[in-house]
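Residue numbers (our numbering), protein chains in the order written: chain A, 1 to 126; chain B, 1001 to 1311.
It is worth saying that the hints were derived from the structure and are not from the lab. C-beta: ideal position from N, C-alpha, C; glycine also. Errors might be hidden in some of the hints.
Cβ-Cβ distance ranges computed for the label pairs, FRET-style [unchecked claim]:
(1) B:N1193 - A:N89: 27 to 33 Å
(2) A:N89 - B:Q1268: 16 to 22 Å
(3) B:A1113 - A:E31: 43 to 49 Å
(4) B:V1285 - A:E116: 31 to 37 Å
(5) A:K108 - B:S1028: 55 to 61 Å
(6) A:N118 - B:L1282: 29 to 35 Å
(7) A:K108 - B:H1211: 53 to 59 Å
(8) A:M87 - B:L1282: 17 to 23 Å
(9) A:A109 - B:E1290: 38 to 44 Å
(10) B:K1276 - A:N118: 40 to 46 Å
(11) A:E44 - B:E1114: 22 to 28 Å
Residues per chain, in single letters:
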Amino acid sequence: MINIDMTGRAPIYEQICKGFGELIAGGVLKENDKLPGARTLAKELGLNPNTVAKAYSRLEHDGIIYSVAGKGCFVAKQQGNIQKKLMENFDAAAEAAIRAGVTAEELKARVDTVTEQNTSAKEGEQ
Amino acid sequence: MIEIKDVTMTFEKNKGEKENFIALDHVSLSIPDGCIYGFLGSNGAGKSTLMRLLSGVYPVKSGSITIDGESVFDNAHAKGNMFFVNDETVQYSSFTLEDLKKYYSGYYPEFSAEVFDKLIGKLGLPPKKRMSQFSKGMKRQAVVAAALSCRTKYIMLDEAFDGLDPAMRKIIKTMIVDEMMDRNATLIVSSHNVAEINELCDRAMLLHEGHLLFADEIDEIKSGFCKIQIALKDSVITKEQAAAQGIEVMQCSTLGSVAQLIVKGNSQDVIEKLSKLQPVLLEAVPLTLEEIFIYELEARGYGADILKEDK
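Produce the entire structure from the sequences given, and follow the hints as far as they go.
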């Protein structure tokens, strides 16, 4: 469910955080769902359990998950932190596009198209 | 906790050689419990020598090495806490796995025959065949299984994944993770596969010609370097211009009007300093551990001459 790019530049713990953020934002993991234990995830991904633990403590610090002693980690009630992160990613992409000469109108039109495609896809599912 | 303090290891010169060979030059390093420590280094950097000193194969003549406060050489108690998987397996050639089990159960007080049988079963290795008939990868699997069965607090794997196929690497890694979680074991692994060290280890060090270049948590090491893309308004930035802003440039190359700098330092600091030049483009990306390895060694002239000839 989480993909780690081993040759990637981003630290592995950040990739794990991002992976869970996406799963939660996408509704795969819902509030109070249990996250896999550090050992399970480390074995599945071939990672160091300390790295997984570091990612979990970061997620907990950001209020995305909470931990219960002896029971594990669970998805917290979301306060919009993941959305904030996603918007930051969007900002960076938009900035690069503007630098490359894309106009504000083109960007806005693009956002409208993507929104439209997503709503029609959702309706199609239902 | 393993403490290596100011260790120097010199091998006496052979006939016909002028100077003694310094394999390790004033190396200091501490390895905390419960981590997986990666030993990285160029060929002949001194990784294996350090491992042999840690396991008490060689005596420490200059400096000190202590494991939980005890020195290792000729100390059976300290050695009982440490298992060293040598990169050579030729010494086991005449053994069957049954022999190997008997051999290690005599040396290591915590040896578990049950764990050994379980691991051998999991790996599908034949218990009654001589190890000389094993493939390279099978020998490696057998020794790693023996290492884990000895249930020592510290396990050292020299060239950890040499000769193992990707599926077997994953199995061995999951076994290592279990050891860490169940017994708070500490692992030291050396490998030339930097990407593998990156995913498995939480700490790493880099050796080159007997000198320790750095040692830290991998995330910390990575945040100490970055790759910068920068374009100024009407000129291409030079190494000197960047250096004048207080930036340590390891490498500088240009493509059109954009310069790519490999610099030492945290990306935020570097961006802050370079923005004073009012660039039209300024971006920082982190380096991979592999890139850090290559740039650090190139900066010391390792491989650089050969690379230049190609250009």
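To see whether the hints hold, each was checked on the structure:
1. B:N1193 - A:N89: 27 to 33 Å: holds (31 Å)
2. A:N89 - B:Q1268: 16 to 22 Å: Between N89 of chain A and Q1268 of chain B, where Cβ atoms are some 18 Å apart, the hint holds.
3. B:A1113 - A:E31: 43 to 49 Å: holds (48 Å)
4. B:V1285 - A:E116: 31 to 37 Å: holds (33 Å)
5. A:K108 - B:S1028: 55 to 61 Å: holds (59 Å)
6. A:N118 - B:L1282: 29 to 35 Å: Cβ of N118 of chain A to Cβ of L1282 of chain B: about 33 Å, so the range 29 to 35 Å holds.
7. A:K108 - B:H1211: 53 to 59 Å: holds (57 Å)
8. A:M87 - B:L1282: 17 to 23 Å: holds (22 Å)
9. A:A109 - B:E1290: 38 to 44 Å: holds (41 Å)
10. B:K1276 - A:N118: 40 to 46 Å: Holds - the Cβ-Cβ distance for K1276 of chain B and N118 of chain A, about 42 Å, lies within 40 to 46 Å.
11. A:E44 - B:E1114: 22 to 28 Å: At 26 Å between Cβs, range holds.
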